[in-house]
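There are 10 protein chains.
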Amino acid sequence: MEKKSLIEQIKAGKKAKGVTYTDLAKAIGASEVWTVHALLRQATLSQPDANKIGEMLGLSSEIIEELQTIPTKGHDDSGTPLDPTLYRLQEMMQSFGPAIKLLINEKFGDGAMSGISFHMDVERLESTDGPHVKLTMTGKYLSFNKF
Amino acid sequence: MEKKSLIEQIKAGKKAKGVTYTDLAKAIGASEVWTVHALLRQATLSQPDANKIGEMLGLSSEIIEELQTIPTKGHDDSGTPLDPTLYRLQEMMQSFGPAIKLLINEKFGDGAMSGISFHMDVERLESTDGPHVKLTMTGKYLSFNKF
Amino acid sequence: MEKKSLIEQIKAGKKAKGVTYTDLAKAIGASEVWTVHALLRQATLSQPDANKIGEMLGLSSEIIEELQTIPTKGHDDSGTPLDPTLYRLQEMMQSFGPAIKLLINEKFGDGAMSGISFHMDVERLESTDGPHVKLTMTGKYLSFNKF
Amino acid sequence: MEKKSLIEQIKAGKKAKGVTYTDLAKAIGASEVWTVHALLRQATLSQPDANKIGEMLGLSSEIIEELQTIPTKGHDDSGTPLDPTLYRLQEMMQSFGPAIKLLINEKFGDGAMSGISFHMDVERLESTDGPHVKLTMTGKYLSFNKF
Amino acid sequence: MEKKSLIEQIKAGKKAKGVTYTDLAKAIGASEVWTVHALLRQATLSQPDANKIGEMLGLSSEIIEELQTIPTKGHDDSGTPLDPTLYRLQEMMQSFGPAIKLLINEKFGDGAMSGISFHMDVERLESTDGPHVKLTMTGKYLSFNKF
Amino acid sequence: MEKKSLIEQIKAGKKAKGVTYTDLAKAIGASEVWTVHALLRQATLSQPDANKIGEMLGLSSEIIEELQTIPTKGHDDSGTPLDPTLYRLQEMMQSFGPAIKLLINEKFGDGAMSGISFHMDVERLESTDGPHVKLTMTGKYLSFNKF
Amino acid sequence: MEKKSLIEQIKAGKKAKGVTYTDLAKAIGASEVWTVHALLRQATLSQPDANKIGEMLGLSSEIIEELQTIPTKGHDDSGTPLDPTLYRLQEMMQSFGPAIKLLINEKFGDGAMSGISFHMDVERLESTDGPHVKLTMTGKYLSFNKF
Amino acid sequence: MEKKSLIEQIKAGKKAKGVTYTDLAKAIGASEVWTVHALLRQATLSQPDANKIGEMLGLSSEIIEELQTIPTKGHDDSGTPLDPTLYRLQEMMQSFGPAIKLLINEKFGDGAMSGISFHMDVERLESTDGPHVKLTMTGKYLSFNKF
Amino acid sequence: MEKKSLIEQIKAGKKAKGVTYTDLAKAIGASEVWTVHALLRQATLSQPDANKIGEMLGLSSEIIEELQTIPTKGHDDSGTPLDPTLYRLQEMMQSFGPAIKLLINEKFGDGAMSGISFHMDVERLESTDGPHVKLTMTGKYLSFNKF
Amino acid sequence: MEKKSLIEQIKAGKKAKGVTYTDLAKAIGASEVWTVHALLRQATLSQPDANKIGEMLGLSSEIIEELQTIPTKGHDDSGTPLDPTLYRLQEMMQSFGPAIKLLINEKFGDGAMSGISFHMDVERLESTDGPHVKLTMTGKYLSFNKF
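Listed in order, the protein sequences are those of chains A, B, C, D, E, F, G, H, I and J. Sequential numbering from 3 applies to the first sequence in the numbering used here. Sequential numbering from 3 applies to the second sequence in the numbering used here. Sequential numbering from 3 applies to the third sequence in the numbering used here. Sequential numbering from 3 applies to the fourth sequence in the numbering used here. Sequential numbering from 3 applies to the fifth sequence in the numbering used here. Sequential numbering from 3 applies to the sixth sequence in the numbering used here. Sequential numbering from 3 applies to the seventh sequence in the numbering used here. Sequential numbering from 3 applies to the eighth sequence in the numbering used here. Sequential numbering from 3 applies to the ninth sequence in the numbering used here. Sequential numbering from 3 applies to the tenth sequence in the numbering used here.
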């Protein structure tokens, strides 16, 4: 089964059942970001989680099983993203990455923020200046050690 | 004056004077990320901020003036970064970007998180599992409107 | 449904019904550029606008619904365009971009013209020297502020 | 003489003499965009225009002569621009280009907007919603004819 | 209808009817190059020309109509061509382009040869040294003017 | 000696002596295109031709000798050219190449136009519609033979 | 007919009939390399040769005709080859190319080895050190002449 | 010491002493191709060979020592070569590579021709059809074995 | 048969039969890495090995035969891998490659580790610090010799 | 100080003092790979290690200090390496990466081998079949967990 068609069936299920990503995340006790990430086939669901989501969205047993297999990660439309929403996210890291690195170096030493042992949240903030998007990312500090 | 040589002189000044990025950020009343970003010539300092930093680091008047001119942004070594610390930052957005977009769409509608009207913090968290890096990014929500 | 096939059905509808993009733009009270942009699945139509366009072009309810979902933006044939008409548009920005930036810097300060809060028009001008194409783009000025 | 060093000397001259691009454009009776474009060595100045600009900025005779020679056009940092201001300009054409093409086709036929016989203006508009940047581009329509 | 399949049907028609490109060009009163160019969907045929070609090649009415619509130009296998015949054509311009530019500059001033208002011929010359290919291209001179 | 600096000295010599490329081409009995091509270090001059050109332009003996050595061909700024004059030349071949190939195939068989045993001319034509650039390229037909 | 499927049918025919490339080459009086090259649709077979091969492999008349049409050359998986056998062949030329060029320059003058008027053989050599592959390529010397 | 400047001094030495690559190859008992390859810093000379070449070309002791150190291989101007002589060499392998692979597979099995345990010769052949370049490459067959 | 669909059927067979890669490797007396490598169509199975695997996984005779043919190697999703697991493997070689080369040079001379005559193992190590992955690669040393 | 010049001085120091990488690694109690890696400015030395190495190689105090600062990692000549020794190392991971991933998945679950918490050794093995290079890499297993 193609990733693309699997994702389309999940979106169709969400629409037919009137279920949001927030509902799905709550149901499996995970963050919203990770839940959507897994439904885009970038992570692997446990059997109970896959079953719960399958039930809520009315998915076929084939899809439910597929969601439990380990995917080859990465999105089909990777590279410099043409979608302006995706581009601005990547631009932030390209632009601020070197500043973040210098601060990690100053605060921790020669190391990196793990891209694997890490979690992320997306929130909506209201303000007089209109709504804002808040991203929070927390990752384990990994030190480059002598060996 | 080459960006590269300007940045080297700032680093030399920091070392000679024993000043941290945190000290500099406090002195000009800005976040640490923005302060380092500006010292990497990705943003423009006001005259009082440039003077204060120049004084703290013992910079020449030429550099102090340069820091007040609007730079062409972007880092010399942009592209897929080879430095593992930089790569992991970019990988997060490449990997989680589509999930973030779907959550913005669900929570806000068809729009994006501004890459310009935005701010970012880097913090060090301690835990029993070792230190963690925490990145917080907050950006104005920009809606794609009919026109 | 593939973007490509959706767009082909819209073109077929336009031809069958003898409707121009100008007609469609007037009917939904939007600019011509935005209307075509949305029909190329680069923007999201409201329900009443999608219904009106669906009616005028004789589109299926599936397409009408699709036009109201938020797309992943960007064109399939993006990159350096091989079509000479598209190429010249992009060449203008590549060629004149740095001059525009310097004028924005001189007239506004360190900032950018928003690519999201913005609108655009295409007009035909007649002159003794033959017809001319006039593009007008107006975008909110976004300032890079200290944070 | 390197383009880069020539441009730096022009910027230094502007600063030393307190002259704006607007002043320079008025002095030679050209648009602001074209004037900056030419000073970035993307167009060729006539002898009287080069002399006038040389005088206003206190340039050496070597630079004044150089400004009259035909340059190899294109900017050193071309490609996908990393500067957010430049990127947003290019993104507009990448994003709206296909819509513009369809409107040119509908209003004119099979042809293109000239990237050579063309002119452009940048204006600052004030509004209650903050300042806006207005770009106007007018180019000759070139038809793809049978031959 | 895919470009590729349309082109294959034209080739099949040519073979079935024993018609050459030269015959088709003569029938519509156009150059051979432009005729082939249009049949590869890089240009738009008028209704009478499309009808004539459709008749000569026994094409379906669907194809005949398609040939009258404005295509997105550019070939599927663009980029550095791997076909040695195509490569050598492109190599000539890559290799001799700067020399041509300098001669245009010397003979005309700061300008370009139009890639749109232009025509081209391919001829076979016989000589004692074997056959030669002769390409002739004539294009309007477009001047980069002050604006 | 760097190609770039050699070419600059040739341009300086041309200006100082008031000599055109046409003059140089006549003096060595070669076409204008080839002469400029060779002075851009894309071909090798014979000793008498290098001497004649050296004399006409007042070149040093070091340059005169250099012009007789076989260069590594190719221009420093090769790739998709950003200069609009160079781009349009390359666009012609990219756009019309497949049509030329089909005509070569129809008129000659399976073969190519040599990019080595070939010559080229650039002429200025006057017409009521303004000046035109005429390029003529003649190359040996090379057949792909069974071996 | 897709190249890929044509090639698969040729391979299937070879297997079914127990015929080697060496057998096919002998049958049409050509070298083995050229024969395989042509069966990969990089060259054009004459009618008698196509018939003979069609007969030996039990090919359909459609394939036999296709083998006589002039292909667009180049392999689908061109670029830096990931197959280690293909990579090592290309690495040799990338690595030794400049040395070959200097020897051609020393032995012949400013010219090239033709990539069209050329032939190639692949042989198996036995030695005490195990089998060796021997490639022999002979191509016409083409001189870059003044024109 | 830069590779580029080392190579220039070797060329200067050859010219000053009137020595050919053939002479140098004979003196050190190596093939011409390998000798030039080593002088382009793609291989390492033994001490006696470096001394002999240094003596014949009048090289400094610094260069003679440098020629005995192991270089990082690869040419500065690698990639798709713009020099027509280099391009044609690479085109042969790109074009004929898959045919060679199939013949290696048929004659040897699943393996490759070594790009390291290999040697190459360049010869000049005279014929009534003009001079020809003959390349001979012999490499160890390396089998992909089960492990 | 497409590689992709062949691989999917192997995975389906593994799941249906409850067989691990370790089981398959033991059955054919090969390492686990090579066995998976071959099942991904990067190596060629002998007839008995293909039969044994076909039997264990319940594969069709068509697949069993396909596994014995020599594939074009390389993975469809080659290039900079987006999958974090794959990326980290490649990053190690990109990052440590130059250090490995210098150690090979110091310990062996001017040569390389064969990428063909080589074998590799993947093991799981347990430790108090959690599980570790151990990769062992052993390859023949190939010397760059004078020829 | 440029990385390149720093590395050259280290190599010069090694040669002058007759010290091997093995000697340096032993002196600082680190593996050989990591030691060379750090001397290529891909890792940071502690003060005592930098002093010890500086003493053994006779380095200036400026270099000794530089070796203790955190570098931007990545090699200048990264990308597809043209050096055959480097290429073969990268080819192994490109070729075997997917097999390694499947084995990690089978033996550990959905996770990766850390590219940071990891170590590597290079050894020389002697055998009747000639010397072999043995690479051993051990890295922490990082699990992709639900968050």
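Worth flagging that the hints you see were computed from the coordinates, not collected in a lab. Take these hints with a grain of salt, some might be off.
Pair by pair, the computed Cβ-Cβ distance ranges are [to be verified]:
1. C:His-121 with A:Lys-6: 25 to 35 angstroms
2. D:Gly-31 with F:Thr-82: 32 to 42 angstroms
3. A:Glu-10 with G:Asp-25: 44 to 54 angstroms
4. J:Pro-133 with B:Val-21: 37 to 47 angstroms
5. A:Ser-7 with C:His-121: 48 to 58 angstroms
6. D:Asp-112 with E:Ser-145: 16 to 26 angstroms
7. B:Leu-127 with C:Lys-136: 20 to 30 angstroms
8. H:Asp-123 with I:Ser-62: 45 to 55 angstroms
For clarity, every value in this text was computed on a predicted model and none was experimentally measured. For each residue, glycine too, the CB sits at the ideal point set by N, CA and C.
Evaluated hints:
no.: 1; hint: C:His-121 with A:Lys-6: 25 to 35 angstroms; in the structure: holds (33 angstroms)
no.: 2; hint: D:Gly-31 with F:Thr-82: 32 to 42 angstroms; in the structure: holds (34 angstroms)
no.: 3; hint: A:Glu-10 with G:Asp-25: 44 to 54 angstroms; in the structure: holds (50 angstroms)
no.: 4; hint: J:Pro-133 with B:Val-21: 37 to 47 angstroms; in the structure: violated (53 angstroms)
no.: 5; hint: A:Ser-7 with C:His-121: 48 to 58 angstroms; in the structure: violated (36 angstroms)
no.: 6; hint: D:Asp-112 with E:Ser-145: 16 to 26 angstroms; in the structure: holds (24 angstroms)
no.: 7; hint: B:Leu-127 with C:Lys-136: 20 to 30 angstroms; in the structure: violated (55 angstroms)
no.: 8; hint: H:Asp-123 with I:Ser-62: 45 to 55 angstroms; in the structure: holds (49 angstroms)
The structure shown violates the earlier hints numbered 4, 5, 7.
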